[in-house]
Amino acid sequence: VFVFDQLRSKDIPIRVMTAFILCCMLLLTVNLWRLQVASGEDYRVRQENQSVRAVRLPATRGRILDSNQQPLAVNRLRFDVHMYIDELRPLFYTHYMRLKDGRKLRRAEQDELGRTARYQVVSNLTMQVSLRLGQPLVLDEEKFHTHYYKRRYTPMAVMQDLSPAQVA
1 VFVFDQLRSK DIPIRVMTAF ILCCMLLLTV NLWRLQVASG EDYRVRQENQ SVRAVRLPAT
61 RGRILDSNQQ PLAVNRLRFD VHMYIDELRP LFYTHYMRLK DGRKLRRAEQ DELGRTARYQ
121 VVSNLTMQVS LRLGQPLVLD EEKFHTHYYK RRYTPMAVMQ DLSPAQVA
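If you're matching positions, the sequence shown starts at 1 in full-length UniProt numbering and goes up one per residue.
The set of hints was computed from the structure by calculation and includes no laboratory data. Every residue gets a Cβ at the ideal spot worked out from N, C-alpha and C, and that includes glycine. Please note that a few of the clues may not be correct.
Said to hold, decoys possible - Each computed BS3-like pair below joins lysine-lysine, with the alpha-carbon atoms no more than 30 Å apart: (1) K100 - K150; (2) K150 - K104; (3) K143 - K100.
As the list claims (entries may be wrong) - The following label-pair restraints were derived from C-beta to C-beta distances: (4) Y153 - T29: 48 to 54 Å; (5) L26 - L131: 52 to 58 Å; (6) L27 - P90: 32 to 38 Å.
Generate coordinates for the entire structure from the input sequences, incorporating the hints supplied.
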């Protein structure tokens, strides 16, 4: 409203400055729309490509022997399964909304439901890993919540020291 009043002003420099500011705002709005809406899918694909983790297998170094040809250190590959909790946020939200089922909840109830939803999602994923590996795995709820609240951006170990058959 104030801006349009300035356009009706008889003072030419104020009208020019107001028109310039409006043009800049329009240009900014168009560029932001282009970045967020028109190019949004490109950025989403880039983010997915960047979130793929390459697993590097170190070359075997051979055995390290002492002067009596007794092994001091031998090579042994070790494979672990880790879960990146921060990347599961969309699943957490979907499951939370399913559990909430449109109900109005107090803040404490929302927090508890969110906590339950997060644990259930990670527990279900752990169960899927367990079925694929053929080894029973149980997710400790307290360990999970401790990891979630203190080390969310670091991977959480689901299973450690897999056998070569399980890796294949």
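Cross-check of the supplied hints:
no. : hint                   : verdict
1   : K100 - K150            : holds (25 Å)
2   : K150 - K104            : holds (29 Å)
3   : K143 - K100            : holds (25 Å)
4   : Y153 - T29: 48 to 54 Å : violated (34 Å)
5   : L26 - L131: 52 to 58 Å : holds (56 Å)
6   : L27 - P90: 32 to 38 Å  : holds (33 Å)
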